[in-house]
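> In order, the protein sequences belong to chains A and B. Quick note on numbering that gives the first Met the number 0: the first sequence kicks off at 0 and runs consecutively. Quick note on numbering that gives the first Met the number 0: the second sequence kicks off at 0 and runs consecutively.
Read the hints as simulated data drawn from the structure, not as lab findings. Hints may contain errors.
No copy is singled out in the list; a pair is fine if it fits within one copy or between any two copies.
Straight line, CA to CA, 20 Å or less: simulated SDA-like cross-link-like pairs of lysine to any residue [said to hold, decoys possible]: (1) Lys290 x Thr144; (2) Lys290 x Pro194; (3) Lys290 x Asp198; (4) Lys290 x Asn145; (5) Lys30 x Asn160; (6) Lys290 x Thr196.
None of the values given here were measured: they were computed from a predicted structure.
Protein chains: 2
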Amino acid sequence: MKIAILGATGAVGRQMVECIEEQNIPCDELKLLASARSVGVQIPFQGKNLTVEEACETSFEGMDIVLGAASNALAKKFAPYIVKAGAVFIDNSSAFRMDPEVPLVVPEINGEDAGNHKGIISNPNCSTIIACMAIAAIDKQFHITNMIASTYQAVSGAGKNGITELENQIANTDMTPSVFPYQIAYNCIPCIGSPSTDDYTTEEMKMENEGRKILHNHMNVTCTCVRVPVMRSHSVSISLQTEIPVTVQQATQAIAAFPNVQIKDDLSIGCYPMPLDTSNQDDVFVGRIRKDRVLENGISLFCCGDQIRKGAASNAVQIIKCL
Amino acid sequence: MKIAILGATGAVGRQMVECIEEQNIPCDELKLLASARSVGVQIPFQGKNLTVEEACETSFEGMDIVLGAASNALAKKFAPYIVKAGAVFIDNSSAFRMDPEVPLVVPEINGEDAGNHKGIISNPNCSTIIACMAIAAIDKQFHITNMIASTYQAVSGAGKNGITELENQIANTDMTPSVFPYQIAYNCIPCIGSPSTDDYTTEEMKMENEGRKILHNHMNVTCTCVRVPVMRSHSVSISLQTEIPVTVQQATQAIAAFPNVQIKDDLSIGCYPMPLDTSNQDDVFVGRIRKDRVLENGISLFCCGDQIRKGAASNAVQIIKCL
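Just chain A, same shape as in the assembly (with noise of 0.2 Å):
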């Protein structure tokens, strides 16, 4: 198999090398593509390394695979050119995630979905994986209609960048704010994405819009999307509701049964999930497991995962096993 990277030299891009050593992707060739001006810097891969090329519209050629780890607007420039090669383009970016005609998908959940695919598969945002990870189990067999979600979402959304300003502001080096809009050292911004409907942000909507279209549900999601002072994992904290009442132990035993999820709940013992914990690993923590005191057959939960990894990197690169 020939695998191109476009956006290699990014954190999500970095990171897709290392998970396709990790996951074992039986891989011929593997092409680095970036901008003009990452081109031969070299990072690497299976005790060789590789040397980054410029993308451009022939560099597509002869890969099946093509995993995407850079803007919207590169992703949508290139895509035409990566199916007219015949690759498969699993892109993280936003651009083609609500198109009917592409599937979204996290594997664990509906991996089946990939093989509907017209030359492009999306990969989610990364909130959503790690909520949605949390809850499938729970949609599964009980059926969720409503979930609101505040979130706690770690600087590195915003690619390296976001994390070397975190660096920065804490060691007073640079106060500065660029790649987030205020100061995010010993801050939280409630702002993350753009206005979008009903004054909710674009980045809130996707946990509804594709929540929704992983899971196959109709689910109504109230989100509120933070940014905190975390390095590299998301939380969320969640209250949803079921259509078919579920108690705690049902809840709790279906999400421990789930792949790739692992639960943390025992206050008695100080065991909940934590980003610092599930950072640097593919797993999805989830912990705090009880009655909602407001929803009917509602369940309330905090759940935690590594946003470069399972938020998109990994589960990029596990959606290759599905093809």
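Fit chain B to the given chain A structure using the hints.
Below, chain B without anything else, positioned relative to chain A:
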């Protein structure tokens, strides 16, 4: 008026000294009380340095008001002596908050309750004060029946040692957790307080129990309390449901007309509440006011307030004015 502060050397106690000056409380004598190890500490007040004395059973004689900024255990220990001395004990601990004989007061909301005291008035939990300031105007006009809240709580909620612990971890001088159960720098800890009803924590149940007592309502509350690496302002993401239908415009107008609350709500110009902006001042900021997508007659909002000031010291000093 003669005022004593019990626990004068902590973050809240020191802020109380400043607030007495700022709020122009007519104070003929200010007595600063703490444990034996703080005796002799000098704290500036009205251009002079006051010397901290050791708190003992006879410390309260002749006082009109005693402001409590000490632990539950110390509040319980000294309360009988304060009451016997004829002083009014305005206590920031949680020791007496749910006692039916003790008013629980946020002056802007239920200041009139203060008059019913029998010697003790409780100052509410910090997150509860900040959330109630944000929602009280909606409750008065439209009657809140349900609330789902997720908090983003500052380290100052654990006192000055909480602030020092985050500072040390950020400076990398001491990463060992002692105030908090795990590292708080670059982390979120979804557990504040100890296990309580149905796997909620004591801190989470305060939002319902204290919220009802302050607002004089019977709302059900699902609360998830999360510690974040922020210094001294708490934030709360809230979805609420009202008995009487309320529009976003009506909710915004009601909140805007409420004293000591500021609306920060215009995504198009990057205007929303942030904990850095509410630090070191007394107002509660409210924004992201929008129609909840799940709850019938539902409103979602995000609010922030200084935990040491409106969440504790300023509110306690304001209560003096209610008497």
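> Give the relationship of Lys290 and Thr144 under a CA distance limit of 20 Å: within one copy only, between copies only, both, or neither.
both (16 Å within a copy, 18 Å between copies)
> With identical chains treated as interchangeable, where does the CA-CA distance between Lys290 and Asn145 reach 20 Å or less: within a copy, between copies, both, or neither?
both (15 Å within a copy, 15 Å between copies)
> Under a CA distance limit of 20 Å, which applies to Lys290 and Pro194: within one copy, between copies, both, or neither?
Between copies only: 14 Å across chains, 33 Å inside a chain, cut-off 20 Å.
> Classify it for me, Lys30 with Asn160: is the Cα-Cα distance of at most 20 Å met within a copy, between copies, both or neither?
neither (24 Å within a copy, 52 Å between copies)
> Have a look at Lys290 and Thr196 and pick one of within, between, both or neither, based on CA distance no larger than 20 Å.
Answer is between: at 10 Å across copies they meet the 20 Å cutoff, but 30 Å inside does not.
> Given identical chains, is Lys290 near Asp198, meaning Cα to Cα at most 20 Å, within a copy, between copies, both, or neither?
between (30 Å within a copy, 8 Å between copies)
Hint compliance for this structure: hint 5 is the single one not met.
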